[in-house]
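Spelled out, the chains give:
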Amino acid sequence: MGKRAVFYLALIIFMIIAPFVFPVFKTQLATVWLMIIVALTWDMTGGQMGYNSLGNITFYGTGMYVAAVVTIALAYDVGEYTGSSGGGIYEFTDGQYFTGMFLGMLAAGLFCSVVAVVIGYITFGLRGPYFAIGTLGVAIAAGELVSNWDWVGGGQGIALPVYPGDFENGKILFYFLFAATGVALFLFLKWLYTTRFGAAINAIRDDEEKAEAMGIHTLQYKLATWAMAAFFVGVAGAISAFQLIHFEPLESAYQTINLGIFMVVCALLGGKGTLWGPVVGAILFHVFKEVTWTYLLGWQWVALGVLIVATVVYFEGGVVGWLMERKPHWFSLPAKADEAAGDDQS
Amino acid sequence: MSAIIEVNKVSKSFGGVVANTDISLSVEKGTITGLIGPNGSGKTTLFNSIVGYHPIDSGSILFEGREISTLPVQKIARLGLLRTFQQTRIYGQMKAVDNMLISLPHRKMRFADAFGRNGPEQYERAEALLEFVGLYQKRFLRAGSLSFGQQKLLEFAMALMNEPTSLLLDEPTAGINPTLINGLIDRLRRANEEFGITLFVIEHNMRVIMNMADHIYCLAHGQLLAQGSPSDIQGDQRVIDAYLGAH
Numbered sequence: 001m002g003k004r005a006v007f008y009l010a011l012i013i014f015m016i017i018a019p020f021v022f023p024v025f026k027t028q029l030a031t032v033w034l035m036i037i038v039a040l041t042w043d044m045t046g047g048q049m050g051y052n053s054l055g056n057i058t059f060y061g062t063g064m065y066v067a068a069v070v071t072i073a074l075a076y077d078v079g080e081y082t083g084s085s086g087g088g089i090y091e092f093t094d095g096q097y098f099t100g101m102f103l104g105m106l107a108a109g110l111f112c113s114v115v116a117v118v119i120g121y122i123t124f125g126l127r128g129p130y131f132a133i134g135t136l137g138v139a140i141a142a143g144e145l146v147s148n149w150d151w152v153g154g155g156q157g158i159a160l161p162v163y164p165g166d167f168e169n170g171k172i173l174f175y176f177l178f179a180a181t182g183v184a185l186f187l188f189l190k191w192l193y194t195t196r197f198g199a200a201i202n203a204i205r206d207d208e209e210k211a212e213a214m215g216i217h218t219l220q221y222k223l224a225t226w227a228m229a230a231f232f233v234g235v236a237g238a239i240s241a242f243q244l245i246h247f248e249p250l251e252s253a254y255q256t257i258n259l260g261i262f263m264v265v266c267a268l269l270g271g272k273g274t275l276w277g278p279v280v281g282a283i284l285f286h287v288f289k290e291v292t293w294t295y296l297l298g299w300q301w302v303a304l305g306v307l308i309v310a311t312v313v314y315f316e317g318g319v320v321g322w323l324m325e326r327k328p329h330w331f332s333l334p335a336k337a338d339e340a341a342g343d344d345q346s
Numbered sequence: 001m002s003a004i005i006e007v008n009k010v011s012k013s014f015g016g017v018v019a020n021t022d023i024s025l026s027v028e029k030g031t032i033t034g035l036i037g038p039n040g041s042g043k044t045t046l047f048n049s050i051v052g053y054h055p056i057d058s059g060s061i062l063f064e065g066r067e068i069s070t071l072p073v074q075k076i077a078r079l080g081l082l083r084t085f086q087q088t089r090i091y092g093q094m095k096a097v098d099n100m101l102i103s104l105p106h107r108k109m110r111f112a113d114a115f116g117r118n119g120p121e122q123y124e125r126a127e128a129l130l131e132f133v134g135l136y137q138k139r140f141l142r143a144g145s146l147s148f149g150q151q152k153l154l155e156f157a158m159a160l161m162n163e164p165t166s167l168l169l170d171e172p173t174a175g176i177n178p179t180l181i182n183g184l185i186d187r188l189r190r191a192n193e194e195f196g197i198t199l200f201v202i203e204h205n206m207r208v209i210m211n212m213a214d215h216i217y218c219l220a221h222g223q224l225l226a227q228g229s230p231s232d233i234q235g236d237q238r239v240i241d242a243y244l245g246a247h
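Residue numbers (the numbering used here), protein chains in the order written: chain F, 1 to 346; chain H, 1 to 247.
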């Protein structure tokens, strides 16, 4: 068994036993997986394709709402349910709960892919910072739109049924749903980045005009990439909806200034444009966030700001980029000395 | 012989600056055609118009008898009419060999093919073409770490990888070490003869273009000044005056 296989096996074992070994941290560990999912999907466009989106949180929020609406609609009239503002008595059977969860996750992913294609068709005309601001605008508008839509509960948000059974078992279920989605996403990207598709989106990142001049179907690739990213973010949003039970539009669903920014910081911290970067970044970021939110309360946002500035200024390639430079053989890359040999003649 | 690219009375202006006025020219299939003219005479603008980089104000452009002046860049490229850039453009963060592989002709691919990987034939072809331009040793280096001249050669190899029927080259020898220029002329000729690619070349190096071209067009102040064989152009007093700034 190679070193690599041992490494992956150890990771998988840790992933499976973690919620049982650290029972107090079940929800924290689930959140780490959520961060990994949103950071990896952000990196699909931000790191691999060169389109820095600040609007991926749109898919998270939309995924939550789609899952909620699907689950409720299986048993009751949605308008009536939200209209009662928690006043009525609505019971869900186990079957309805789990069918709702399964269909909700699937519907959330698919719906978000469609939303990504529609928004992408409009915003992919924008380049660089304009794309970032444009997508941020979409996310803010989506949050405001939903918070004024009474059918889905308006500004009060919407409540889902509680996990039918032992509460702690519910936490374990949500942990494994996030973990499974994260692993599926990681394996999917590991494969995708070795195909011609991966090369094409890298080409768009390096020089989109050249890619166009070479006849690459740039818009198709951009839309497909974002739709795939949106699918996984939507699924993660759906799981979050069941985990949170009650959520409201601006603070938890379309939370542009929290998760919407955190996913970008995770990818930058770990190293954008690499497969492992967003994973490492998400873990480090979540630890940093929890430590500062506990021990530096009151100053936590300042500490976060310092982290962002330090990453961007001193750590451009992120942790993984920094390692790639120092330990190129870990990543089977040519050493710096060989690269310099490229300059010896013109 | 028949014309592969036909430009009829094309005009293009940017605000008050008139870059091209009523330019008509044609590139014969299978030839090497040159385009010369002093700096700012509208050569690159004409190239940009042909490949659909910007809309033209008036006139028509035909490629293999088909009107292309209203098509976007990607569609024209997929028809087999390709260009290289004056300011060399390659995919800097990707390896040289990956730059080659992503340049495989997309007109021959369905969208589902994007999810496949390249097989040994594609690798062999990429390496053969890198060998052809003399970059085989550098194939695993990041393209952005290559020197300017090497990037220029890489861009040329990428264009060949795309199997175009016609290739527009914007100053292929600019920035290339003079000792390598003879080799490049030879490679351009071989691309033309062996691969049957029609070349339309902007060039400032008179020795290169006079040696290589079958037919030359000369632009000055956005208008077609003269055309003819290299010897006609060399003897044309108007061309010499244009270069020396007589008008």
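Don't read these hints as lab results, they were simulated from the structure. Please note that the accuracy of each hint is not assured.
Taking lysine-lysine pairs in the DSS-like style, the calculated list, with each CA pair at most 30 Å apart, reads [to be verified]:
hint	chain 1	residue 1	chain 2	residue 2
1	H	Lys-9	H	Lys-95
2	F	Lys-171	F	Lys-190
3	F	Lys-327	F	Lys-289
4	H	Lys-75	H	Lys-95
5	F	Lys-171	F	Lys-289
6	F	Lys-190	H	Lys-9
7	F	Lys-327	F	Lys-171
8	F	Lys-3	H	Lys-95
9	H	Lys-9	H	Lys-29
10	F	Lys-171	F	Lys-3
11	F	Lys-327	H	Lys-75
12	F	Lys-190	H	Lys-29
Partner residues aside, some chain F positions facing chain H, computed with beta carbon under 10 Å [said to hold, decoys possible]:
hint	residue
13	Asp-77
14	Asn-202
15	Ala-203
16	Asp-207
17	Glu-212
18	Ala-224
19	Leu-323
20	Glu-325
21	Arg-326
22	His-329
Note that the structure is a prediction, hence the values are computed from the model and not measured. All residues carry an ideal CB built from backbone N, CA and C; glycine is no exception.
Point to revise | Distance restraint between Lys-190/F and Lys-9/H, which requires alpha-carbon spacing of 30 Å or less | key: Given pair Lys-190/F, Lys-9/H is violated - Cα atoms ~52 Å apart, limit 30 Å.
Review point. Quick one, are Lys-9/H and Lys-95/H close enough, alpha carbons at most 30 Å?
Key: Violated, at roughly 42 Å.
**Study point:** Proposed proximity, Lys-3/F with Lys-171/F (alpha carbon, max 30 Å)
**Key:** violated, 33 Å
Check your understanding: Going straight from one Cα to the other, do Lys-327/F and Lys-75/H come out at no more than 30 Å?
Key -> At roughly 43 Å apart (the allowed maximum being 30 Å), Lys-75/H and Lys-327/F break the hint.
Point to revise | Agreement of Lys-171/F and Lys-289/F with the hint, judged by alpha carbon distance not exceeding 30 Å | key: holds, 21 Å
Exercise for review: Quickly compare the C-alpha distance for Lys-9/H and Lys-29/H to 30 Å and report which way the hint goes.
Suggested key: Distance of about 20 Å is within 30 Å: holds.
Point to revise | When the least beta-carbon distance from Asp-207/F to chain H is tested against 10 Å, hint result | key: Holds: closest Cβ of chain H sits about 5 Å from Asp-207/F, inside 10 Å.
Review point. Taking 10 Å as the limit, does the beta-carbon of Leu-323/F come near enough to a beta-carbon in chain H?
Key: Nearest chain H Cβ about 17 Å off; hint violated.
Exercise for review: Measure nothing beyond the straight line between the CA atoms of Lys-327/F and Lys-171/F; if it is 30 Å or shorter, mark the hint as holding.
Suggested key: Since the Cα atoms of Lys-327/F and Lys-171/F sit roughly 39 Å apart, the hinted pair is violated (cutoff 30 Å).
Point to revise | Restraint check for Lys-3/F with Lys-95/H, where alpha carbons must lie at most 30 Å apart | key: holds, 26 Å
Practice item. Tell me if Ala-203/F is really an interface residue toward chain H, meaning its C-beta lies closer than 10 Å to one of theirs. Key: holds, 5 Å
Check your understanding: Should the interface hint for Ala-224/F be scored as holding, given a Cβ-Cβ cut-off of 10 Å against chain H?
Key -> With Cβ-Cβ at 8 Å, under 10 Å, it holds.
In summary, the structure is inconsistent with hints 1, 6, 7, 10, 11, 12, 13, 19, 20, 21 and 22 from the numbered list given earlier, while agreeing with the others.
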